[in-house]
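Q: So the sequence lines, in the order shown, correspond to chains W and G.
Counting from 1, position 203 in the first sequence corresponds to residue 203 in our numbering; the numbering is continuous, with no gaps.
Counting from 1, position 193 in the second sequence corresponds to residue 193 in our numbering; the numbering is continuous, with no gaps.
Be careful, since some hints might not be right.
Claimed, not checked - If you anchor each label on the Cβ, the simulated ranges turn out as follows: (1) W/GLU102 - G/ALA192: 47 to 55 angstroms; (2) W/GLU5 - G/ASP152: 41 to 49 angstroms; (3) G/GLU264 - W/GLU5: 52 to 60 angstroms; (4) G/GLY57 - W/THR25: 45 to 53 angstroms.
Simulated from the structure, these hints should not be mistaken for laboratory data.
Keep in mind it's a predicted model, so treat the numbers as computed, not measured.
Quick reminder that beta carbons are idealized off the backbone N, C-alpha and C, glycines included.
For reference, the chains in residue letters:
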Amino acid sequence: MQKNELLAHLSVCVEKGKADKATPTPPEMKDQEGAREITAQLIEMDVAPEEILNGALIPGMKRIGDLYGEGKAFVPHLLLAARAMNEAIVLLKPYFESGAVERKGTFIIGTVQGDLHDIGKNLVKAIIEGSGWEVVDLGTDVSAEGFIKAIEEHPKAHVGLSALITTTMVHMEQIVQSIREKYPDKKILIGGAPVTQEYCDKIGADFFSLRPQEAAEYLNSLISSTHPT
Amino acid sequence: MTTISEKLKEKGTLVSDGAWGTFIHQKGLRSDECPESWNLTRPDDIYDVALSYVNAGADMILTNSFGGSPFKLEPYGLKGKTYEVNKAAAEISRRAAGEDVLVLGSVGPTGKILMMGEVTEQELFEGFAEQIRGLVDGGANAILVETMSDMDEARTAIRAAKSITDREVLCTFTFNLTPAGEYRTMMGTTPAETVEMLVQEGADVLGANCGNGTAGMIEIVKQIREANSQIPVLVHANAGMPVLREGKSVFPETPDQMSAQIGELIDAGADIVGGCCGTTPEHITRMIQAVRKKK
């Protein structure tokens with residue numbers, strides 16, 4: 001296959017969650033090569049890692065993210081797509097680390113204190129990673145100190161808070177306040193089933209959406225508005 | 001003690017209980033505390049919740065064991081006490097229920113996704129089995145597998161229940177209205193698809209809980225009834241969808257507003273009605289009045 005054909009195919013593998021040859025789904029791609037094999041082939045062909053990222057992984061994740069936002073794809077589809085993308089990311093990692101490929105920036109994400117739910121957070125992580133960002137995942141039950149420590153390690157990063165329960169959602173307010181005290185200009189995104197735009201405005205967070213793809217678009221918009229061309 | 005099926009034959013429509021979680025938080029549970037731990041450390045408070053629903057007139061009450069699987073107890077260091085925590089949950093509700101009220105042993109989702117390999121089916125089965133053994137030994141009359149999203153997980157929980165007890169097994173899923181205007185679980189499953197699986201697995205009662213106020217539930221029950229006109233259907237609706245009041249997220253539907261829609265919910269095909277997030281004993285009392293008026 002030619003480079004462009006391979007890139008297009010890789011992008012379909014990400015969208016459909018075909019991680020590697022052994023991945024049984026989707027049925028129509030059974031026994032075909034998956035994201036891992038095709039990425040390895042592209043690297044072998046000296047295709048620039050940046051082109052693999054921008055030309056295949058990002059558009060593949062965007063398509064599945066958009067379908068999710070429209071209610072036409074669901075949690076399993078996103079998780080499978082994330083796993084397929086991750087197979088490619090692992091192979092590209094040396095290029096990220098050497099600086100040969102630059103990602104758009106860093107995004108810190110965690111589920112807030114008292115809340116152990118991670119499915120929603122993982123979905124957002126997948127979409128944002130798949131949109132070309134490096135994601136630092138702090139896991140669940142993260143305190144204000146946990147977020148602040150991560151910001152100290154990644155001073156330029158934006159931050160995302162997740163909560164599933166109405167009783168843990170209240171911790172978002174405290175965490176946003178604590179972050180603001182030290183980092184008044186830090187962009188803070190919030191999300192989760194009980195969260196609303198009204199709550200986002202009230203606690204002074206910068207962005208809310210129930211659709212992960214919109215969070216990625218918001219982050220992308222920050223680059224275009226802060227990077228003078 | 002009678003079964004749910006017998007009670008349904010006798011009374012037509014049954015009323016279950018309302019929210020537990022929000023109630024226990026009001027009694028001072030911190031958000032970093034395990035709600036089920038109170039079965040061992042503050043049984044009197046849990047008994048109060050159970051008794052408040054018995055006093056409201058419910059035909060059946062649940063147990064404080066929604067997060068009682070070993071997978072949910074593990075982060076709190078309580079995995080080794082799965083059996084005790086669940087047995088205590090059932091004992092407390094049993095004690096409050098007296099002779100006439102049924103106790104449904106609540107089994108919620110584990111948060112682990114089978115298809116992602118976070119847990120094996122065998123591990124899931126054994127975990128549910130341990131939880132359900134505690135609930136049955138503590139005196140639960142039936143097992144309610146609830147708030148499910150994943151068909152494989154629900155199926156595993158039902159099989160675990162049936163491996164342990166001959167008592168009735170109920171199973172409800174949580175459906176959300178998608179941007180495409182359909183009701184589906186977060187895993188993408190439609191109400192009709194859950195009905196097919198649950199009937200196949202031999203669930204005695206099926207239905208929906210959480211995720212919706214009564215209005216949404218009416219539509220979901222219609223879809224369930226299109227798929228199966230016979231099997232008893234249980235609905236635990238939220239007191240509406242959460243809104244922000246004074247900085248706190250609250251469920252807005254009053255007992256009056258909620259009970260006003262119960263007739264329509266029963267007409268759509270619900271046999272057992274009760275409440276989920278945000279509902280109180282007062283909601284249940286008003287529901288019972290609405291059910292009686294309907295007859």
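Q: So, for every hint listed, does it hold in this structure?
A: We went through each hint and held it up to the structure:
1. W/GLU102 - G/ALA192: 47 to 55 angstroms: Roughly 48 angstroms apart at Cβ, these two residues keep to the hinted range, so it holds.
2. W/GLU5 - G/ASP152: 41 to 49 angstroms: violated (36 angstroms)
3. G/GLU264 - W/GLU5: 52 to 60 angstroms: holds (56 angstroms)
4. G/GLY57 - W/THR25: 45 to 53 angstroms: The hint (45 to 53 angstroms, Cβ to Cβ) holds, given that G/GLY57 and W/THR25 are roughly 49 angstroms apart.
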